[in-house]
Amino acid sequence: MPRQLEIDPKDLEKKFYALSRKLHPDLFARKSAQEQADALDASAVLNDGYRVLRDPIARALYVLKQEGLDIGEQGSKDVPPELLEEVFELNMALEDESATDEVLAARVRFEGMRDEIDAAMQTQFAEWDRTHERSALDAIRGQLNRRKYIANLIARTDKAHVSD
Amino acid sequence: MFQIEFDNQDTVVGIDLGTTNSLVAWMNLTKPEIIPGEDASRIVPSVVSLRPDGEVIVGNAARAELIDHPERSVYSVKRLMGRGIEDVQEELKLFPFQIAEGSESVIRLVLGEKTLTPPEVSALILRQLKKNAEAALGTPVTRAVITVPAYFNDAQRQATRDAGRIAGLEVLRLVNEPTAAALAYGLDKRKEGLIAVYDLGGGTFDISILKLHEGIFEVLATNGDTHLGGDDIDNLLLRIALEDVRSEWGTDLSHNGSAVQTLRAAVIRAKEELSFATTAKIEFAWQEKTYQREITRELFENLIRDIVDRTLGPCRDCLRDANVQPEDIDEVVMVGGSTRIPLVRSAVEVLFRARPHTELNPDEVVALGAAVQAGILAGKVENQLLLDVTPLSLGIEIYGGVVSKIIHRNSTIPASAGETFTTGVDGQTNVLIHVVQGERELAKDNRSLARFDLKGIAPMPAGMARVEVRFLIDANGILNVTARDARTGQEQSVDVKPSYGLTDEQVEAMIEASIDHAEEDFEAAQMAGARVDADTILVAVAKAQKSEAWTELSGGEKAGIISAIEKVRAARDGSDRQILQTAVEHLNEITRGLAEQMMNSAVSAALKGTKI
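Protein chains in written order, with my numbering: chain S, 18 to 181; chain A, 960 to 1571.
Simulated from the structure, these hints should not be mistaken for lab results.
Glycine included, C-beta positions come from ideal geometry on N, C-alpha and C.
Any given hint could be a false lead.
Stated by the list, open to error - With a cut-off of at most 30 Å between alpha-carbon atoms, the simulated BS3-like pairs for lysine-lysine come out as follows:
1. S/K39 <-> A/K1339
2. A/K990 <-> S/K39
3. A/K1364 <-> S/K48
4. S/K27 <-> A/K1170
5. S/K31 <-> A/K1364
6. S/K82 <-> A/K1052
7. A/K1170 <-> A/K990
8. S/K82 <-> A/K1364
9. S/K31 <-> A/K990
10. S/K31 <-> A/K1170
11. S/K27 <-> A/K1364
12. S/K48 <-> A/K1339
13. S/K32 <-> A/K1240
14. A/K1170 <-> S/K165
Said to hold, decoys possible - Stretch by stretch, here's where chain S covers chain A in the computed footprint (C-beta under 8 Å, at least three residues):
15. 1225 to 1236
16. 1343 to 1354
I would like the entire structure built from these sequences, with the hints used as guidance.
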């Protein structure tokens, strides 16, 4: 497959199913031990690959890594400046047990931000596929860091929801 | 001329090894069929009883024993599979399991004179199913597909596979129960669609969401609770009934095994009736006293509402993980006896906004699906393929007891992940990796799976070694670990210490013990025979020692005989028949002269008319 960020999920799924019908261990149950081991190996690689490619975020992280722009753990700890106030308010709401409405409202806002990022990344994906320019990848990298931070905030609201 | 080949050697059976009931099925030409037992019953209750003479009874007959000899019988053993003693404290309060000493990593159950691990008890059930299948099909059955709850962890899966091996079955595949049920429904007839399988059995609850596409059954997500099922409802009713009896009769029967089992059977009858009738009676007679209580469906529903509600959380989580809305679900399949309860059905209908499928018998559907999967593996069923997922995330313990997830839950299996490990100290030659399963952040809050010891690392400065480890979850949902040295490319040995369950050596020993059983019995009989021979000669020699002939022997001869006697005595108390027989032969040999002498004295004494 060409290295690209925009992928048609239907097309990807079709390829995945077709390869599964060739490689899955079930089809080798009556074959030699070596063939069974090979099928196990091959289908694990197929499934691992599909898992990365089907998820736009995992896919983008993979391409970044391939291009030497691994984001690692960096960026998930520092609060993006524009979110400082939001994070402060969320912390207050999380400490206050009666503030479940505020936590839920914050969650809705964060989800909105995440969806905005996802939409913006679509454009950037197309941009990189067209130009393969480093600046496009840098922009995607920034978005991913911000998205990771927001995803963590959403997870925190989840936990608050569970504990009440 | 055509030769029709009946490929019976290839028969792979499908087995549903359930908490309450077990079934075996096979693929008969084009459709799966349940194989009934000798008593014509399609269901084999998962109850095992051991008679004092050593005979093992399984199924309906054992269920009767449960009341007469509760201390020799066991049921719901699936709840103990792959668990350690600290996991089952709740179970021990509610079930009459008798646990032996030394049950930390593998539970040992006391059954009459024997102590058996849960895989061994399960193996006895599997052996019965194997026998039923062999009798019905008229061919040896050595290969099987066995189903497990989708939410079973690695240790529980391994324990199930061990049970198969101990029963003399090659387990070709472990299939998740809800997935098997989807196969049985043949829902592939609709080319595309989303299916939810709701499986509430005797002891476990599973929910799986599948996507169908031209014969491919792709599981999108699964969730569940391995500690939730019809047993919980029974225990609830049982507690109430015991309490009633205590206040009415002034007797606490809760520690009387037979009484509890009789009452348990009574509440189960009432529970089952309430699926069809709006009222039912719990009727219990014990030592000329009777207890009766009417239960309305309304009361019953109020009692069990909490239990039913506990299934809904995992359903919502599963929908979220599959990234689908309830209204996207096209069909809902109901599996497990507890889905006959009207409240369960209505709760599912409300959640998924779809009327659930109940055409197939919910007790049989999993076994039928296992037979379909067996057919797929045997090449009898074409164009159908299961793509299942791992129910729990796999992680390794890193610095500070934190878990680094390497394979996330709901990943399609087979799935793999690679990690590179290094040494922390100069000259270190091994690295210990602690693998856990679960979703929590700290290793101690997750399920410890195993400790892998990477050995034989060439000594070098800290941080220089590079060991690449591949974690691979196979199509059974079981973890395999391989390692190689990144510098030399050489395979590295990995020592596995499972946190729970049996080691390979223990399983091998159990397989051996079960195969050798007949031989062992024969050996025991021969040993008993050799002991009788030893006793006979010891008595004869003791008598000879008091005779005149004895006094005529030399000191050396006497010492030789005395030493031979001691050898026979020692061997008689031992367990080696060979040694005993050799010792007896030797004593026989060495006392031959003495015996002849005695004989002569006896003859001459007889001639003299005197008694010796």
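Hints versus structure:
Distance restraint check for S/K39 and A/K1339: the Cα-Cα separation of roughly 17 Å lies within the 30 Å cut-off, and the hinted pair is therefore satisfied. Straight-line distance between C-alpha atoms of A/K990 and S/K39 comes to about 24 Å, which keeps the hinted pair within the 30 Å bound. For the proposed pair A/K1364 and S/K48, the alpha carbon gap of about 34 Å is over 30 Å, so the pair is violated. For the proposed pair S/K27 and A/K1170, the alpha carbon gap of about 13 Å is at most 30 Å, so the pair holds.
Using a Cα cut-off of 30 Å, the hinted pair S/K31 and A/K1364 holds, with the two alpha carbons roughly 29 Å apart. Taking the CA atoms of S/K82 and A/K1052, the gap is near 53 Å; set against the 30 Å cutoff, the hint is violated. The straight-line distance between the Cα atoms of A/K1170 and A/K990 is roughly 23 Å, inside the 30 Å bound, and the hint therefore holds. Under the criterion of a C-alpha separation no larger than 30 Å, the hint pairing S/K82 with A/K1364 is consistent with the structure, at around 19 Å.
Distance check on the hinted pair: S/K31 and A/K990 sit about 29 Å apart at the alpha-carbon level, within 30 Å; holds. Our distance criterion of 30 Å between C-alpha atoms is met by S/K31 and A/K1170, whose separation comes to about 13 Å. Proposed proximity of S/K27 and A/K1364 is supported: the alpha carbons are some 29 Å apart, at most 30 Å. Pair hint S/K48 plus A/K1339 holds up; C-alpha atoms about 15 Å apart against a cutoff of 30 Å.
Distance restraint check for S/K32 and A/K1240: the Cα-Cα separation of roughly 58 Å exceeds the 30 Å cut-off, and the hinted pair is therefore not satisfied. With a C-alpha separation of about 29 Å, the suggested pair A/K1170 and S/K165 falls inside the 30 Å cut-off, and the hint holds. Given a C-beta distance limit of less than 8 Å, the hint that chain S covers the region 1225 to 1236 of chain A is violated, as 0 residues qualify and 3 are needed. A stretch counts as covered by a chain when three or more of its residues have a beta carbon under 8 Å from one of that chain; for the region 1343 to 1354 of chain A and chain S the count is 3, and the coverage holds.
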